[in-house]
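A.B. asks: The lines below spell out each chain.
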Amino acid sequence: MTPRKDLLDIASLTDEEISFVLDNAGPFKDLFKRSVKKVPTLKGQTVLTLFYEPSTRTRSSFEVAASRLSADVTHFDIESSSVVKGESVLDTVETLEAMRVDYIVVRHKQSGTPNLIAKNTRASVINAGDGWHAHPTQALLDAFTLREIHKDLRGCRALIVGDIQHSRVARSTSLIFRRLGMQVAYLAPGSMMPREVPQEIPQFGNWTDAFDWKPDVIYLLRVQGERIDEPFVPSSAEYHRNYGLTNERVEVLRERGLYLMHPGPVNRGVEITDAGMNYEKCLINQQVENGIAVRMSVLYWLRPGAAE
Amino acid sequence: MTPRKDLLDIASLTDEEISFVLDNAGPFKDLFKRSVKKVPTLKGQTVLTLFYEPSTRTRSSFEVAASRLSADVTHFDIESSSVVKGESVLDTVETLEAMRVDYIVVRHKQSGTPNLIAKNTRASVINAGDGWHAHPTQALLDAFTLREIHKDLRGCRALIVGDIQHSRVARSTSLIFRRLGMQVAYLAPGSMMPREVPQEIPQFGNWTDAFDWKPDVIYLLRVQGERIDEPFVPSSAEYHRNYGLTNERVEVLRERGLYLMHPGPVNRGVEITDAGMNYEKCLINQQVENGIAVRMSVLYWLRPGAAE
Amino acid sequence: MTPRKDLLDIASLTDEEISFVLDNAGPFKDLFKRSVKKVPTLKGQTVLTLFYEPSTRTRSSFEVAASRLSADVTHFDIESSSVVKGESVLDTVETLEAMRVDYIVVRHKQSGTPNLIAKNTRASVINAGDGWHAHPTQALLDAFTLREIHKDLRGCRALIVGDIQHSRVARSTSLIFRRLGMQVAYLAPGSMMPREVPQEIPQFGNWTDAFDWKPDVIYLLRVQGERIDEPFVPSSAEYHRNYGLTNERVEVLRERGLYLMHPGPVNRGVEITDAGMNYEKCLINQQVENGIAVRMSVLYWLRPGAAE
Chain Y
1 MTPRKDLLDI ASLTDEEISF VLDNAGPFKD LFKRSVKKVP TLKGQTVLTL
51 FYEPSTRTRS SFEVAASRLS ADVTHFDIES SSVVKGESVL DTVETLEAMR
101 VDYIVVRHKQ SGTPNLIAKN TRASVINAGD GWHAHPTQAL LDAFTLREIH
151 KDLRGCRALI VGDIQHSRVA RSTSLIFRRL GMQVAYLAPG SMMPREVPQE
201 IPQFGNWTDA FDWKPDVIYL LRVQGERIDE PFVPSSAEYH RNYGLTNERV
251 EVLRERGLYL MHPGPVNRGV EITDAGMNYE KCLINQQVEN GIAVRMSVLY
301 WLRPGAAE
Chain V
1 MTPRKDLLDI ASLTDEEISF VLDNAGPFKD LFKRSVKKVP TLKGQTVLTL
51 FYEPSTRTRS SFEVAASRLS ADVTHFDIES SSVVKGESVL DTVETLEAMR
101 VDYIVVRHKQ SGTPNLIAKN TRASVINAGD GWHAHPTQAL LDAFTLREIH
151 KDLRGCRALI VGDIQHSRVA RSTSLIFRRL GMQVAYLAPG SMMPREVPQE
201 IPQFGNWTDA FDWKPDVIYL LRVQGERIDE PFVPSSAEYH RNYGLTNERV
251 EVLRERGLYL MHPGPVNRGV EITDAGMNYE KCLINQQVEN GIAVRMSVLY
301 WLRPGAAE
Chain C
1 MTPRKDLLDI ASLTDEEISF VLDNAGPFKD LFKRSVKKVP TLKGQTVLTL
51 FYEPSTRTRS SFEVAASRLS ADVTHFDIES SSVVKGESVL DTVETLEAMR
101 VDYIVVRHKQ SGTPNLIAKN TRASVINAGD GWHAHPTQAL LDAFTLREIH
151 KDLRGCRALI VGDIQHSRVA RSTSLIFRRL GMQVAYLAPG SMMPREVPQE
201 IPQFGNWTDA FDWKPDVIYL LRVQGERIDE PFVPSSAEYH RNYGLTNERV
251 EVLRERGLYL MHPGPVNRGV EITDAGMNYE KCLINQQVEN GIAVRMSVLY
301 WLRPGAAE
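From first to last, the protein sequence lines stand for chains Y, V and C.
To convert, note that position 171 of the first sequence is 171 in full-length UniProt numbering; the numbers rise steadily by one, no gaps.
To convert, note that position 223 of the second sequence is 223 in full-length UniProt numbering; the numbers rise steadily by one, no gaps.
To convert, note that position 51 of the third sequence is 51 in full-length UniProt numbering; the numbers rise steadily by one, no gaps.
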């Protein structure tokens, strides 16, 4: 396996790399079960979180993962730093580069920013979400979570539901699912369906047709509140009625034994109901839990010196 | 002593538990005097601070306490996380639960939120202040501070002064003082006096009557600036004149050798004057210092595995 | 060398102390080159950052430096703590003092605040910038950076360009340069030139005269955006034309082999151009990198017990 510096998206990973990350996440998860809460793997390494969009969940998940590997974590909170307003991303990166941090975990609303940063630093850059482009650690944790249920995911069918067009989660998770031999389909209103979808991915406009496709897993996307008021985008109530996982649809999942996933945080009453959250095959909490082990595995994979 | 998962209020503690926390805080405090600044007790444990109301002082005190026990500390700052706006407390807790943090230190403006959280997580929940309900670590540090002066607090008389009605500090600290055999009285304007006060607690409307009760300790509450403009609530100047510790009243304390306490931060010129802050029997700084040792003791008491 | 508790400004340092900090920063920098990322020097010590003005760069630099010395770092973020609004600096310091933190790293817009704090705490206080007064760790890292190029700085000529009058960097860096035997000159518009400049410091109003002085180093100051709209202060474009390092002036630097420095963050297109940033003798990134080693050296110098 050729050593790699950065994790920018799923598309650029080899099968071997995906396997490496997923295979090593298991032992990291097992450690906690045996009450080994901290390993010295990254002792002395500095992980810097550079979040241009706030996300307490993702930032905390990386932070806990890094702490459990004994790394030191520092925030570079761009929003609170009004003094440096107007400073370009690259100037910020030059600063971080000069500070010789070992990892930069970056979230930015503009697609491609992590790639730009990665080219300009010796640090390992991990994309924690960039615009509509990619969210690779989410995809890896989604795949890891499903693999806990089915060791071999080939032929397993995932229906992704919601705003596919504007979702980096949909993009990255679709990619990794298909790389692992799964079949993926989309269910979305027309205004939320991407214009160019690969032929292998069936597109549905309603749940009836989607259920007929016989999915094994339902993957709900978060409805972005700020999009609700746009023209052609359904209201919350309308979205719920037509595309949300209503209580009736939860019953369909239960009858058929389908699994349920969501990247969080959920909008109860919009894409999901309380009954959906309490559904016995709902994997949402396992996704969050696995996020830490998978991110530990990513940090371990990209560790300085791993190349040598 | 039955093991316990959470510290939610003083009312639910047994005498044995109160003694355990107070007795162990002493050795933790002594450690620092011997320049032992860090013990490995909670190595690998994760303490997460979940503050829905900002409080740098209380958060930092828990943070320093956790660091000195070698725990890793992570913030889950709800206010900065605009993305998760609208996310319910329970959904946030499910996330934290899935991240398998060991302690959740929570502050919330709504009474009962820590109890709700505690029921929904395996983590140890510590209430760092909820609405008008409780602030148990403040009460414990107050009791510890007084016990440094009088080993046996039975019969000792504390006069609590200020907005009793809306103060979680008044509630928790009154309770622990009385549990330790002290007598408690209240001095407050009518609009700040609770409607139902236990018969054993005398209520005073002016300092003359309150001093006649012969208190040993004066415990001033912080005046909440946001309440000043409400009807029936005195102005700052009027509050100071009638209920504040004026320089003249400091002289009464001095003549009688009374101790002075306040949970901080103080409003100089409102509930206290510079002379009050500099009064030789003012215990405010000792309260802050003891806050760290007492919070270490609480974290130690609730440590994972202590039950076994 | 008499032990010292605080680093408040350059003026109060002895030659021996300046040498001590600069000489020890080298080995700390070398450690990283040998992949020793963490030393146990300050294990168990608590470093508290108290920033009344936001500055992610400086705060992070101290934070990384403290982590590499194994200290625990806690923020006391004054702006986020709306509850304690109105609390005086001294009351905050009494709280920190009571928490027995070992170091307080302070930034405040009012000159002299770190001195006030230092008098009221046993902790070591490090001034991270106060008003127009001083920024001693910036000065130390500037000197360290130049000393990497010229072991003996005597006779070396530095031209400081920009808003000298309102710059704590200009003040502290001028002082340390002159203490190390360098010659310093100022280039600034009249409205940005201090009224009283020591006779030994030549003052220039244009680049032609300044270049005639034959400087070895050009030290650009950051233009404070908020000053641009004041009367008598040039607009950004006018500032750039008359006082900025234009591409033509970069060529002069290149022809003459002059070094270029800036405390960061830069305003591209105002005091500097892209060509300036990419200039091969631009030391800006080295300044940032050396900031960590120099701050480690300062923390080491002031370490508790060093006095004994």
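There may be inaccurate statements among the hints.
The list makes no distinction among identical chains, and a pair is therefore deemed to hold if it is satisfied within one copy or across any two copies.
List time: in silico DSS-like cross-link candidates among lysine-lysine, alpha-carbon distance up to 27 Å [said to hold, decoys possible]: (1) Lys37 with Lys109; (2) Lys43 with Lys33; (3) Lys214 with Lys109; (4) Lys5 with Lys33; (5) Lys43 with Lys109; (6) Lys29 with Lys43; (7) Lys119 with Lys281; (8) Lys119 with Lys33; (9) Lys29 with Lys5; (10) Lys29 with Lys119; (11) Lys119 with Lys37; (12) Lys5 with Lys38; (13) Lys29 with Lys109; (14) Lys109 with Lys38; (15) Lys214 with Lys37; (16) Lys214 with Lys33; (17) Lys43 with Lys214; (18) Lys29 with Lys151; (19) Lys119 with Lys151.
Worth flagging that the hints you see were computed from the coordinates, not collected in a lab.
A.B. asks: Could you run down the list of hints and mark each one as holding or not?
C.D. replies: Each hint tested on the structure:
1. Lys37 with Lys109: neither (33 Å within a copy, 32 Å between copies)
2. Lys43 with Lys33: both (22 Å within a copy, 16 Å between copies)
3. Lys214 with Lys109: neither (35 Å within a copy, 47 Å between copies)
4. Lys5 with Lys33: Intra 30 Å, inter 19 Å, cutoff 27 Å: inter-copy only.
5. Lys43 with Lys109: Neither: 31 Å inside a copy, 36 Å across copies.
6. Lys29 with Lys43: Answer is both: 19 Å inside a copy and 18 Å across each meet the 27 Å cutoff.
7. Lys119 with Lys281: between (42 Å within a copy, 22 Å between copies)
8. Lys119 with Lys33: For Lys119 and Lys33, the Cα distance is within 27 Å only across copies (21 Å; inside one copy 38 Å).
9. Lys29 with Lys5: both (24 Å within a copy, 23 Å between copies)
10. Lys29 with Lys119: between (32 Å within a copy, 24 Å between copies)
11. Lys119 with Lys37: between (34 Å within a copy, 23 Å between copies)
12. Lys5 with Lys38: both (24 Å within a copy, 22 Å between copies)
13. Lys29 with Lys109: neither (31 Å within a copy, 35 Å between copies)
14. Lys109 with Lys38: Answer is neither: 33 Å inside a copy and 34 Å across each miss the 27 Å cutoff.
15. Lys214 with Lys37: neither (40 Å within a copy, 53 Å between copies)
16. Lys214 with Lys33: Answer is neither: 35 Å inside a copy and 57 Å across each miss the 27 Å cutoff.
17. Lys43 with Lys214: neither (47 Å within a copy, 48 Å between copies)
18. Lys29 with Lys151: within (16 Å within a copy, 48 Å between copies)
19. Lys119 with Lys151: So Lys119 and Lys151 fail the 27 Å test inside a copy (36 Å) and across (34 Å) alike.
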